[in-house]
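Student: Listed below, chain by chain, are the residues.
Number of protein chains: 2
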Amino acid sequence: MIMETIRIARTALTAFCREVFVRLGLNELDAAAAADVLVAADARGIHSHGVGRLWRYANGLKSGQMRPDAEPRTLMESPMSLVVDAQGGMGAPASVSAMRRIIEKASAAGAAFASVRESNHNGISGYYAMMALPHNMLGIAMTNTAALGVPTFGRQVMFGTNPLAFAAPADKERGFVLDMSTTVVTRGKVEVYERLEKPLPQGWAVDRRGQPATDAHAMLDDMLRRVGGGILPLGGGGMEQGGHKGFGLAVMVDILCAVLGGAAFGHAISDTATTSARVSHFFGAIRIDRFRDPAEFRHDMDRLLGELRACPPSKGEDRVYFAGLREFEMEDECNRKGVPVLKKSYDELCSIGVAEGVEPPTPMPEVLR
Amino acid sequence: MIMETIRIARTALTAFCREVFVRLGLNELDAAAAADVLVAADARGIHSHGVGRLWRYANGLKSGQMRPDAEPRTLMESPMSLVVDAQGGMGAPASVSAMRRIIEKASAAGAAFASVRESNHNGISGYYAMMALPHNMLGIAMTNTAALGVPTFGRQVMFGTNPLAFAAPADKERGFVLDMSTTVVTRGKVEVYERLEKPLPQGWAVDRRGQPATDAHAMLDDMLRRVGGGILPLGGGGMEQGGHKGFGLAVMVDILCAVLGGAAFGHAISDTATTSARVSHFFGAIRIDRFRDPAEFRHDMDRLLGELRACPPSKGEDRVYFAGLREFEMEDECNRKGVPVLKKSYDELCSIGVAEGVEPPTPMPEVLR
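Top line first, the protein sequences correspond to chains Z and W. Each residue of the first sequence is one higher than the one before, counting from 5 in the working numbering. Each residue of the second sequence is one higher than the one before, counting from 5 in the working numbering.
Wrong hints could be hidden among the right ones.
Copies of the same chain are indistinguishable here, so a pair counts whether it falls within one copy or spans any two.
Said to hold, decoys possible - Below, in silico cross-link-like pairs of lysine to aspartate or glutamate (EDC-like), each with a Cα-Cα straight-line distance of 20 Å or less:
1. LYS176 with ASP297
2. LYS319 with GLU244
3. LYS202 with ASP336
4. LYS319 with ASP219
5. LYS193 with GLU244
6. LYS348 with GLU360
7. LYS202 with GLU335
8. LYS66 with GLU8
9. LYS347 with ASP297
No wet-lab data here; the hints were simulated from the structure. Fair warning: this is a prediction, and the values are worked out from it, not measured in the lab.
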């Protein structure tokens with residue numbers, strides 16, 4: 005089955021989302037940040053974090069699960085650090101603001117880091133890490149999420165997908181942007197298998213006894229009811245494929261996001277019927293010129309990334325992609341041709357537009373089927 | 005086959021190694037650092053990086069592959085940064101010195117980072133990350149290594165095992181210490197399969213065409229001759245199990261260690277018959293009290309680690325280990341009972357002792373078989 009896709013100009017799609025967020029009570033600045041992060045996900049091909057989520061955000065803002073008028077409060081601050089309480093507001097505006105502030109701090113201090121707590125889902129972590137690139141800085145972004153990951157040798161969820169992102173600028177290349185969950189897959193991927201009624205690949209999840217899970221539906225159900233079972237860390241079950249490393253990375257992210265900022269961590273983070281998970285983020289920015297001439301750094305990054313591009317592919321594959329390459333190529337295409345949105349998601353956007361009194365964006369003439 | 009093991013008091017074993025390094029031309033301080041890092045590996049159960057390597061270090065120092073009298077040169081320095089050229093000396097002394105210097109810098113600046121280039125194998129990265137713990141700092145340590153890792157969809161080696169370590173202090177718990185290679189396994193593990201003539205597990209390596217490798221001997225041979233084939237990143241081959249994430253982590257480590265310090269990177273790093281690989285390291289230290297009261301942080305770390313300990317194990321497993329737990333337990337035992345050394349390695353130590361005129365350490369009375 006080929007899903008029908010509509011392309012919408014990036015600016016129009018972003019303007020629509022921004023306007024919806026304004027109608028839902030966000031101020032102009034926060035609405036613009038939330039819209040930009042959301043559409044960037046689609047433009048970079050990460051549709052799981054794109055405008056298909058707008059209805060969830062809209063519902064969350066209307067139900068009070070997320071506070072549209074939250075005013076983040078600074079709990080601690082120094083020339084190289086920042087701890088912010090996002091007061092239950094949307095994750096993206098709080099994250100953009102925190103990253104901006106530490107880039108400014110890093111300009112003076114050389115490096116700066118922030119923990120943001122009492123926040124919500126903040127979209128693609130790579131967005132925040134990439135904010136450092138135009139400043140000749142290395143960017144770091146992490147977040148914890150509602151618990152769904154099972155430790156090596158365990159059978160209960162103890163951590164989230166806990167993504168980590170790292171961005172480094174280049175010269176002719178667009179840069180290196182790693183943005184990865186530290187679980188082997190995210191819940192979204194397991195849900196796809198559930199819908200298709202396909203057995204889960206080995207190494208993705210365990211059942212309530214901690215044994216390899218094949219039934220996606222049963223596993224998700226047990227996991228949500230916290231009776232055991234969940235998704236495995238990067239590296240899969242046991243230690244043979246390095247599952248203990250993914251487990252370690254997930255806990256590292258939780259320490260930097262939550263423990264460092266004095267927030268909830270581990271299995272205490274969960275969605276309930278009436279509240280979204282209160283998650284924490286961690287951001288970092290490091291000036292390259294404190295180590296070497298940024299122009300030389302960028303030149304060497306071109307060499308490194310060029311060599312990875314040129315790595316001979318394995319039999320049956322076209323090419324090797326370094327982290328961020330596919331996403332930058334996708335983004336360039338979307339900036340030219342418009343951002344692809346599933347017909348189903350477009351219909352949802354139109355309904356939201358009607359409900360909030362915002363004119364839906366017009367599709368671009370070229371329609372891909 | 006049970007390998008015969010001898011236990012040697014940690015202090016005696018360390019003193020022996022230190023004396024050997026002094027005889028090989030290191031100054032007292034560097035010799036002490038190199039010996040301490042080496043024995044710490046055995047004490048923490050990471051025997052691949054322990055005294056079994058002493059003969060390699062000794063040979064390297066005698067052949068000139070590593071310079072015993074190298075004096076690291078500071079290339080760039082600021083209140084929060086340090087770039088050092090290790091001048092081809094041993095990795096451990098240069099690393100201990102760099103980590104000490106950035107801990108001191110971080111005491112004032114809040115955070116500090118170092119790139120060390122023209123260095124050599126520096127043992128367990130966790131050692132350097134852990135140096136931050138008594139200072140109420142978070143510790144970070146990474147290193148690149150001789151290329152042996154194949155990118156997702158590739159068939160040529162483009163990066164090393166590129167370990168990363170992260171340490172965070174706790175209160176009653178001993179702390180969280182992640183120390184992991186970013187490849188699915190290290191070369192040592194593949195060599196064990198080669199010796200046993202066992203087929204390699206799926207997901208560990210690819211052959212010269214980039215297809216799953218099962219023959220360890222053929223794969224290692226092709227890899228060393230650079231005709232294709234090598235070890236896969238954490239997450240294995242392709243993207244189904246997240247191999248692209250391990251690939252991304254390995255490149256991130258290379259950027260921080262090598263590109264940031266202006267050193268060689270990627271496939272340019274290799275051992276030859278007459279030189280050891282010139283590798284680079286990255287270190288970081290971040291003051292916890294710039295974010296919150298360290299006592300509260302440590303208390304919350306106890307809670308986090310305690311909850312992970314208490315995670316119900318999967319059927320057939322005894323318990324869940326967080327990163328560092330097994331190693332701290334091992335270290336406590338070794339500090340009491342002595343450090344276990346294979347009989348074969350002990351015989352090697354004795355030969356080195358004879359060659360360098362150093363009295364070999366006496367085994368402890370208790371002998372485990």
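Student: Hint by hint, say whether it matches the structure.
Tutor: These are the hints, each one checked on the structure:
no. : hint               : in the structure
1   : LYS176 with ASP297 : within (16 Å within a copy, 44 Å between copies)
2   : LYS319 with GLU244 : between (26 Å within a copy, 17 Å between copies)
3   : LYS202 with ASP336 : neither (34 Å within a copy, 47 Å between copies)
4   : LYS319 with ASP219 : between (32 Å within a copy, 18 Å between copies)
5   : LYS193 with GLU244 : between (23 Å within a copy, 10 Å between copies)
6   : LYS348 with GLU360 : within (19 Å within a copy, 76 Å between copies)
7   : LYS202 with GLU335 : neither (31 Å within a copy, 46 Å between copies)
8   : LYS66 with GLU8    : neither (30 Å within a copy, 68 Å between copies)
9   : LYS347 with ASP297 : neither (48 Å within a copy, 51 Å between copies)
In summary, the numbered hints that this structure violates are 3, 7, 8 and 9.
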